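Visitor: Counting from 146, one number per residue, gives the positions in the sequence shown under the numbering used here.
Mixed in with the good hints, there may be bad ones.
Stated by the list, open to error - Below, a list of computed lysine-lysine pairs in the DSBU-like style, where the Cα atoms sit at most 30 Å apart: (1) Lys358 <-> Lys222; (2) Lys439 <-> Lys307; (3) Lys384 <-> Lys374; (4) Lys462 <-> Lys441; (5) Lys285 <-> Lys208; (6) Lys208 <-> Lys307; (7) Lys173 <-> Lys324; (8) Lys468 <-> Lys374; (9) Lys216 <-> Lys236; (10) Lys218 <-> Lys208; (11) Lys325 <-> Lys358; (12) Lys259 <-> Lys403; (13) Lys403 <-> Lys384; (14) Lys358 <-> Lys376; (15) Lys218 <-> Lys285; (16) Lys280 <-> Lys222; (17) Lys435 <-> Lys468; (18) Lys421 <-> Lys403; (19) Lys236 <-> Lys280; (20) Lys280 <-> Lys259; (21) Lys376 <-> Lys325; (22) Lys384 <-> Lys468; (23) Lys216 <-> Lys325; (24) Lys374 <-> Lys439; (25) Lys441 <-> Lys384; (26) Lys358 <-> Lys374; (27) Lys524 <-> Lys384; (28) Lys524 <-> Lys358; (29) Lys259 <-> Lys324; (30) Lys421 <-> Lys524; (31) Lys358 <-> Lys403; (32) Lys374 <-> Lys324; (33) Lys421 <-> Lys374.
Said to hold, decoys possible - Just the calculated beta-carbon pair ranges, DEER-fashion: (34) Leu305 <-> Lys325: 22 to 32 Å; (35) Glu292 <-> Tyr391: 45 to 55 Å; (36) Lys208 <-> Asn381: 41 to 51 Å.
No wet-lab data here; the hints were simulated from the structure. Note that the structure is a prediction, hence the values are computed from the model and not measured. Just so you know, even glycine gets a beta-carbon here, dropped at the ideal spot from N, CA and C.
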Amino acid sequence: MKYSLFVLVQLLSISLSANENHTSHLEKIVLGSGCFWGAEKGYESLQGVEDAVSGYADGYGIKPTYREIIKTKNRFKENNFAEVVEVTFNKEVITLRSLLEHFYESHDPTQLNKQGNDIGTQYRSTILYTDSAQKEVIEKVTDEFQELLYENGYGEIQTLIKPLNNFHQAEEYHQDYIKKNPNGYCPDHSTGVVFNTTKEKQGIDNSLLLEGKFILVIDSQDYCPYCEKFKQDVANDYKGSIPLIYRTAIELDGLEIKTPTWATPTIIFLEDGTEKFSYQGYMNAELFYKGLGKFKLGNTEAYDVAFNQGTDARFCKEYEIFKNTPDGIFVDKLSGAPLFDTKDRFVSRSGWLSFTAPIPNSTYELPDNSYGMRRTEVKSLSTNIHLGHVFDDGPNGMPRYCINATVLEFIPRESV
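Let's have the full structure, built from the sequences with the hints guiding it.
Guide: Below, the structure written as C-alpha cells:
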C-alpha cells in the first residue's frame, strides 16, 4: 500500500504523539539504601514499579564498576559512587510518596555511610531526584519520617538528597541478583518505624517462648524470595513436635538473641528464650534437619542412628514403649512426617520394631554394604535420616522393615 508524503508525515506525527501519551505516566528516581541486591528486589515487588535497575551514581574521578568502588582506597572517599537502584514507576499506579515511604521504611537512614555490616561510602543512603517537583515531595516525606524517628528514639537522617547527575548500570551479574542466587538471604536493616501506624504489627507476646524449645524464623517485613523459598521447601511441610514460630527483627523483645537479625531468613534454635545456635540465610531441608537433629536429639543414641547410620540397642526403652502402642502411626522424629502404620506392624522377636510396609511415599531405599554385609537401607524421604533396613523374611512372604524406635514418635489414630 502506497501513501503520499503528507499522509506519511501525519501518521508519524500521530505515532509520536501516541507514544508520548503512552510513556508520560512513567517517571524515574534513583535511590540508594545500602547493598542494591535486596533493594532492587524490594522495588520490583511494588505494584506500579515498571523496572528496577541496579547501578552506580553520584560519583566522579573513579571508574563506576563494582571492583573499583569496593577498593580500600575508594570506599571511604566522598567522591565514591553509591550503590543505587534506578526505579521506573507508573505514577498512575504508585505515587512518588509511596515509593519514598518504602525507601525509608526498608533501611536505616540514620546510619552514615553504612547499612549493617556493609561499611563504606558506596553504601550511603541517598535520594537522587530528576526534577524540582520530586524534590518538594522528597523534602516533605523526609521531614515527616524524621519526626517519627525522633519519637522512636532514633537520631538524625543522614540521607543525601541531591539532583541526579549520573547513573551507570551495574554489571549484568548484579541485575536480579537475588533471583539468580536462590541460596542466600535478604538484608533487612529497617528500623521498624513506619509512616502509617496501621502498618505496625500489634505488640508481640513472647512469654510463651521463654519455656521449652522453639524454632524461630526471622522473617522479612517486606517480600523476601529467600524467606518464601524456605517456607515452600521446608516450613510448609514441617509437622515436627518442636513449634516453628515466625518473627520479624523488631518482634524479639524478651528473647536472648546473639546472632545479628538483619539477614532474612535467619533460623534460630531457641531454648527457654535463649538462642542455642542459628543459621543466617536460606536453609534447605537437609541443612535444616541436621540443625534440628543437633537441637532436638543432642548427643544421644537417636542422633547416632539418624545421622551416623547407628542401630538401637536390642529391646531398647523406646522399643518396649512402641511395640504395643494402640492404633496409630509412627512419624519421623524430626519432621513429623508419617512413616509407618500400626496396621502394618508385627512382632518379629528381633528386638526392633518390625513392619511389612512403610506408608506410601514416605521412605526410600539404598544399598548398604557396610560391615561386609549386603543389606538395603531405609531412609526417611522428608529428612534423609537413617531409619533401619528392610529384609525379605517377613510374614507370609512379605518384607520385614526392621526400624529403629529412637528416631520415631507415635501419634494415636484419633489425633491424626
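Visitor: Which hints, by number, does the structure contradict?
Guide: 1, 2, 5, 8, 9, 11, 15 and 35
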